[in-house]
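A.B. asks: Now for the letters of each chain:
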Amino acid sequence: MSALPSSGPVSHSGRTLDAAAAPPTASEHRQVWDLPVRLFHWALVTAFIASYVTNKLGIAYFKYHVWCGYSVIVLVSFRILWGIVGTRHARFRNFVRGPGAMARYLLGLARGGEQRYPGHNPLGAVMVLALLLALLAQALTGLFGNDEIVDVGPLYGYVSNERSLWLTSLHRLLFDWIFAAVVIHVLAVLAHLVVKKERLVRAMLTGRKPAHSVPAAEAIHSSRLWLAVVLVIAIAAALAWIVNTAPLAAPASF
Amino acid sequence: MSRKLTTTRSIAVASSALILAATFALSAAAQQAPPAAPAAGAPSPGTQAINVRKAIFTLIGSNFKPVGDVLQGRATYEAVDVPTSASRVAFLAGFLNDAFPDNSSTGDTKAKPEVWSNRADFDKRVKDFQDHSAALVQVVAREKSGSDAFKAAAVAVGQDCKGCHENYRVK
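Chains as they are written, first to last, in the working numbering: chain A, 1 to 254; chain B, 1001 to 1171.
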């Protein structure tokens, strides 16, 4: 691993850790998010919306609802692994901070000081973790659920009907929490745009942020695309194996 | 048409099954009766209504199950007796008109109070369920296969179950 300093706030003066370089111009951008992270993010957004819609459309669309759940499991599992072996700003240890750093960040916010992070800020890191874990839990509980009418999750056969119904209530309940978290997430991104003039959505699309918030040493130079492809295929294959070897089961007679 | 015959048979089968289920439900309830129950006699009319209601829904559920299995690809149309299941469900749906008397809103029931406070909507949903399950019987008699028409008719019934569960059943 490189011995570069880990991601931290960059002062707004335009001075970066890359002291040798000339102050970056306004149009200069540096790569922060690799392609897998960006594809993951928007695929997860799509899967989340699609799973809501397919649920609302009813029992005829249930199989697509299940496919959305598979997508979420593959995506989130990938993202967790990518948080260990991914590129610089994708790694958990480069953006997950302790309560102290979070308190300082919040204090800085309250004082109105400018704090720009090349990757996730300490508060954003909490949201990343919360959303990843909640969505994974949501998809996993769905695998074992049933609607007491015609729909059963693919792994229903592994649990008792009581356990399945309990997991189904969690599945129902968790949606509200995830929805709330998504709203906060979107509002926070909007706040960055309005208050800090940071265009985070564009950064998540292009992968690039203005050079004045990304020290040259913190820019990434590769997406490690092949590693990502291998990981996704491996996870999808493992999930397919689990689902295909599960005992076939219909809802118990009620 | 053999529909009359089928209906008669359905009535016979369903009534016996219903009586059986109600008996089980009542005996189970009797065994669980608290020791302090007043005068160890018959359960109150409200409790009886709840027990009968549960028996009806148990039978609707178990008889719609084969249809749901075909619908969601867990069984082939040929592997189960769809006509029998469909006609039983349609017949049992008729019991719902008087399955929710006013005295049965409290007790050991998952029915939400909205069943009674929002009665017009609830009754409309019951009517939809009856219409759709009757339509399913017709479609099954005509199609005799897991065709798209069968699926559409079965989805309509399943969706009625779901809609009512979502609005009027404690989860």
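In case anyone wonders, no lab produced these hints; they're calculated from the structure. Mixed in with the good hints, there may be bad ones.
What the hints assert, rightly or not - Below are the EDC-like pairs computed for lysine to aspartate or glutamate, each with C-alpha atoms no more than 16 Å apart in a straight line:
| no. | chain 1 | residue 1 | chain 2 | residue 2 |
| --- | --- | --- | --- | --- |
| 1 | B | Lys1110 | B | Glu1166 |
| 2 | B | Lys1127 | B | Asp1098 |
| 3 | A | Lys56 | A | Asp147 |
| 4 | B | Lys1171 | A | Asp147 |
| 5 | B | Lys1162 | A | Asp176 |
| 6 | B | Lys1144 | B | Asp1081 |
| 7 | B | Lys1171 | B | Asp1108 |
| 8 | A | Lys56 | B | Glu1078 |
| 9 | B | Lys1171 | A | Glu114 |
| 10 | A | Lys56 | A | Glu114 |
| 11 | B | Lys1124 | B | Asp1108 |
| 12 | B | Lys1110 | A | Asp147 |
| 13 | A | Lys56 | A | Glu162 |
| 14 | B | Lys1144 | B | Asp1098 |
| 15 | B | Lys1144 | B | Asp1131 |
| 16 | B | Lys1112 | B | Asp1102 |
| 17 | A | Lys197 | A | Asp147 |
| 18 | B | Lys1171 | A | Asp176 |
A.B. asks: Is the hinted pair lysine 1110(B) and aspartate 147(A) satisfied, with a Cα-Cα distance of at most 16 Å?
C.D. replies: holds (15 Å)
A.B. asks: Under the criterion that the straight-line Cα-Cα distance not exceed 16 Å, is the pair lysine 56(A), glutamate 162(A) satisfied?
C.D. replies: Between lysine 56(A) and glutamate 162(A) the Cα gap is close to 24 Å, so the pair fails against 16 Å, i.e. violated.
A.B. asks: Going straight from one Cα to the other, do lysine 1171(B) and aspartate 1108(B) come out at no more than 16 Å?
C.D. replies: Cα-Cα ~14 Å, so holds.
A.B. asks: Compare the distance between the alpha carbons of lysine 56(A) and glutamate 114(A) with 16 Å, and conclude whether the hinted pair is satisfied.
C.D. replies: Given that 16 Å is the threshold and the Cα spacing comes to 43 Å, the pair is violated.
A.B. asks: Check whether the Cα positions of lysine 1144(B) and aspartate 1131(B) lie no farther apart than 16 Å.
C.D. replies: violated (20 Å)
A.B. asks: Could you grab the alpha-carbon distance between lysine 1162(B) and aspartate 176(A) and see if it respects the 16 Å cut-off?
C.D. replies: violated (19 Å)
A.B. asks: Straight-line Cα separation of lysine 56(A) and aspartate 147(A) no greater than 16 Å?
C.D. replies: holds (13 Å)
A.B. asks: Given the hinted pair lysine 1127(B) and aspartate 1098(B), is their alpha-carbon gap at most 16 Å?
C.D. replies: holds (12 Å)
A.B. asks: Between lysine 1171(B) and aspartate 176(A), is the straight-line Cα distance small enough, at 16 Å or below?
C.D. replies: holds (15 Å)
A.B. asks: Quickly compare the C-alpha distance for lysine 1110(B) and glutamate 1166(B) to 16 Å and report which way the hint goes.
C.D. replies: Judged against 16 Å, a Cα distance of about 12 Å means the pair holds.
A.B. asks: Does the alpha-carbon distance linking lysine 1144(B) and aspartate 1098(B) stay inside the 16 Å limit?
C.D. replies: Since the Cα atoms of lysine 1144(B) and aspartate 1098(B) sit roughly 32 Å apart, the hinted pair is violated (cutoff 16 Å).
A.B. asks: Hey, lysine 197(A) versus aspartate 147(A), does the alpha-carbon distance stay inside 16 Å?
C.D. replies: Not OK: lysine 197(A) and aspartate 147(A) at ~46 Å, beyond 16 Å, violated.
The structure shown violates the earlier hints numbered 5, 8, 9, 10, 11, 13, 14, 15, 17.
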